[in-house]
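Listed in order, the protein sequences are those of chains G and B. Just so you know, we're using the UniProt record's numbering here: the first sequence kicks off at 1 and counts up by one. Just so you know, we're using the UniProt record's numbering here: the second sequence kicks off at 1 and counts up by one.
Rather than coming from a laboratory, the hints here were simulated on the basis of the structure. Think of the CB as a built atom: it goes at the ideal place given N, C-alpha and C, for glycine as much as any other residue. There may be inaccurate statements among the hints.
To be verified - Now the stretches of chain G that chain B is said to cover, found in silico as 3 or more residues with beta-carbon under 8 Å:
| # | stretch |
| --- | --- |
| 1 | 109-115 |
| 2 | 203-211 |
| 3 | 389-395 |
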Amino acid sequence: MSISGKAMGLGLRALNRFAGLPWVDRFGLRKPAERVLFHGAKLGFRTAGALARRFRATQQLLAPVRPAPAQAPALFDLTPTEEQQMLREAALGFALERMRPAAQGADTAGAAPDDILAGIAELGIAQMAIPEALGGVGGERSAITNVLIAEALAQGDMGLAVAALAPVAVSTALVLWGDEHQQATYLPAFVGERAPAAALAVLEPRPLFDPLVLQTRARRSGTDYVLDGVKALVPRAQAAELFVVAAELEGQGPALFIVESSSAGLSVEPDPAMGLRAASTARLHLEGVRLPGNALLGQADAAIYRDCLRLGRVGWCALAVGTAQAALDYVIPYVNERVAFGEPISHRQSVAFAVADIAIELEGMRLATWRAASRAEQGLDFAREAALARRLCADKGMMIGSQAVQLLGGHGFVKEHPVERWYRDLRAAAVMEGVLLV
Amino acid sequence: MINLETPKKFRMLVEQAHRVAEEIFRPNSRRYDRAEHQYPKELDMLGALLDGMNASGSGEGAGAAGVRRSGDGDTGNRNGSNLATVLGTIELCWGDVGFLLTMPRQGLGNAAIASVATDEQLERFKGKWAAMAITEPHCGSDSAAIRTTARLDGDHYVLNGDKIFVTAGERADLIVVWATLDRNAGRAAIKSFVVEKGTPGLELVRLEHKLGIRASDTAQFALRDCRVPKENLLGDPEIRTDKGFAGVMQTFDNTRPLVAAMGVGLARACLEQTRQLLQQAGVDLDPDRPAYAQHAAAAELLRLEADFEAARLLTLQAAWMADNRKPNSLQASMAKAKAGRSCVEIALKCVELCGALGYAETELLEKWARDAKIIDIFEGTQQIQQLIVARRLLGKTSAELK
């Protein structure tokens with residue numbers, strides 16, 4: 001942590017005066033004040049990126065390895081394959097037994113516990129995203145499988161799910177769009193023992209953000225690229241060793257770049273938000289970050305970039321669906337048990353209809369998300385479907401979060417129940433870009 | 001394996017239905033909207049065409065009778081007649097909901113017969129056009145409160161009562177009438193009876209003048225000592241309190257996705273037309289750009305399309321479940337609720353977005369907005385669907401959650 005600069009000096013002087021005041025102890029203010037200062041310090045100061053391992057190609061690939069697209073089935077079908085059902089059940093079990101109880105603590109701490117991240121890693125999500133030839137276990141590419149897993153994990157907690165899934169987005173980006181050199185350099189680490197934290201950073205901190213019009217710039221300098229800009233709400237950026245960063249490549253439009261965390265000019269600043277707190281969101285500052293020519297991912301292909309945005313949005317939809325499902329499952333027993341005016345409040349139409357509408361809109365969100373994902377894995381155009389799913393999950397997901405709090409009344413507003421957290425998390429589905437890839 | 005695209009085997013059917021909607025429904029839409037109560041004779045030909053489609057190929061037709069659940073032992077994933085019917089209905093209602101409702105031999109009564117009739121009855125009523133008579137002047141949603149009675153007298157049931165809002169009542173050959181065997185025995189005593197047109201005691205009282213779906217006639221009937229053969233009772237003649245309403249209500253699990261499909265088809269018509277008119281006005285929609293970074297009308301269109309997508313997929317889900325013999329009451333009601341409210345909102349908003357073009361009779365948008373409203377009412381109103389969904393989720397009886 002770079003504890004330098006004028007601001008810090010001023011802050012320390014003020015602190016010194018404050019600490020010396022006699023009433024600080026008398027009114028029991030010392031502990032809270034220390035806490036405020038601690039968080040203030042955390043917020044106010046940027047740190048350099050995590051020290052990255054040396055990513056080095058350990059094998060030579062002649063050509064990039066891509067997963068096979070899924071076979072297009074002949075029939076309309078809403079039944080997951082047996083393998084998908086198994087994975088979903090495993091993820092759901094972990095979500096409800098381990099993630100849910102850990103969620104509030106992680107939310108308060110602003111960090112995901114290591115054992116939870118390790119537990120999710122054991123589900124093998126990272127390995128499945130990577131083809132066998134690169135050390136993973138992935139065969140066919142299945143966006144649906146990824147959606148089902150994200151949905152299940154979000155039933156435990158959205159913030160924790162984001163923390164765990166963020167590195168998978170980076171490895172998936174490399175699998176889908178990396179060249180043979182990029183794949184050989186970075187992917188083996190993701191299937192290894194100590195897989196790196198990593199994040200896909202697209203979002204920038206400004207109103208009406210349009211990911212097709214980026215303010216993060218990449219200019220050419222000889223054979224290198226030089227990046228400048230700020231990325232917002234990047235999960236676990238402080239721990240991440242590798243980033244994929246979206247930047248406007250001069251003369252070519254938005255493009256993706258592989259950025260190692262120890263690059264000079266890269267710094268990370270905590271960016272805690274309304275929700276997703278377990279994901280330790282942070283801003284990523286890029287100031288004259290110099291990258292080698294082979295850091296460009298996907299040849300600045302406009303179609304690849306749009307696919308990246310769509311796959312990310314479908315991922316956020318899946319998380320919204322899971323979180324909304326958690327809310328519905330929580331609200332049903334509550335309104336059945338809560339008594340007012342001599343009977344369960346669920347006997348009132350205003351309450352019962354609110355529950356019905358949550359279920360109806362949730363099912364619509366889920367089906368729209370599944371459709372976008374199934375088109376993606378079949379190699380069909382899914383621009384429209386991803387946009388519709390996104391709109392639904394942004395609007396109806398938030399409606400569900402808000403109604404869930406409303407149905408619990410004051411109890412929904414306090415942290416004794418998880419509903420207020422779901423309310424905060426569900427807003428993310430409308431705001432976030434990137435971060436995930438299904 | 002999860003796949004939500006239209007199955008290949010139904011693409012031909014969808015295309016045929018779309019052709020019919022485009023070539024026959026649309027060009028006649030305005031004419032029969034104005035000439036209410038005049039029978040659209042263009043449809044006779046179509047009835048024959050649909051019969052032909054039903055008779056051909058795998059037997060998975062586009063008609064109302066497609067809701068019959070077959071009982072073969074196949075356990076794999078099935079895309080059968082329920083899904084085919086819903087897909088066909090969407091296309092036809094993209095053309096005109098009123099025409100669909102007055103397609104010969106495609107009445108909701110046909111769906112009821114297909115759902116609960118014995119094989120013998122099915123054979124006997126084959127090729128007939130059947131309307132559905134449930135609502136009475138004093139009761140609509142509360143269909144258990146019907147007062148029309150059926151009294152067994154020798155080999156006949158004698159029906160007495162009044163029925164309103166009978167879709168295609170004037171044009172149909174048969175009326176499926178809900179009546180009670182015992183007004184004191186509650187829901188379990190309600191049975192459906194097939195009454196043939198021309199049966200003495202069945203009198204057409206009048207035809208309604210309506211907000212929309214004016215191509216489809218809506219009739220009121222009086223039944224005065226109307227005698228029907230006792231073989232015309234559909235399903236089980238015994239009053240079984242344990243099975244309650246199940247027999248007659250089973251029809252709804254199959255017909256609600258159909259009505260939802262009507263809303264979906266209509267909503268798509270509105271959205272396509274609006275998108276086209278907006279395009280001519282210079283408003284394009286880029287699905288990859290955030291809605292709020294685009295024209296407000298484009299953002300609105302995206303929101304409406306999202307609701308449309310949800311309604312459509314819920315509808316396909318309910319039909320797919322019926323094809324696979326999964327209990328689908330919950331999903332059928334979800335689809336009906338979502339499609340009903342969405343198609344009204346979409347149609348009305350499209351009128352607004354298109355301004356004078358949307359509101360005037362030069363385009364069909366204003367007509368679709370009038371047609372839409374009935375979809376949120378018949379086969380169970382929005383509120384009834386919400387009740388059904390809520391009771392299922394909360395595990396409540398109709399006595400607890402009223």
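Hint check:
1. Coverage of the stretch 109-115 of chain G by chain B is violated in this model, with 0 residues showing a Cβ closer than 8 Å to a Cβ of that chain against a need of three.
2. Counting residues of the stretch 203-211 of chain G whose C-beta sits closer than 8 Å to any C-beta of chain B gives 4, which meets the bar of three, so the coverage hint holds.
3. Here the stretch 389-395 of chain G counts 4 residues with a CB under 8 Å from a CB of chain B, which clears the bar of 3, and the coverage holds.
In this structure, the one hint that does not hold is number 1.
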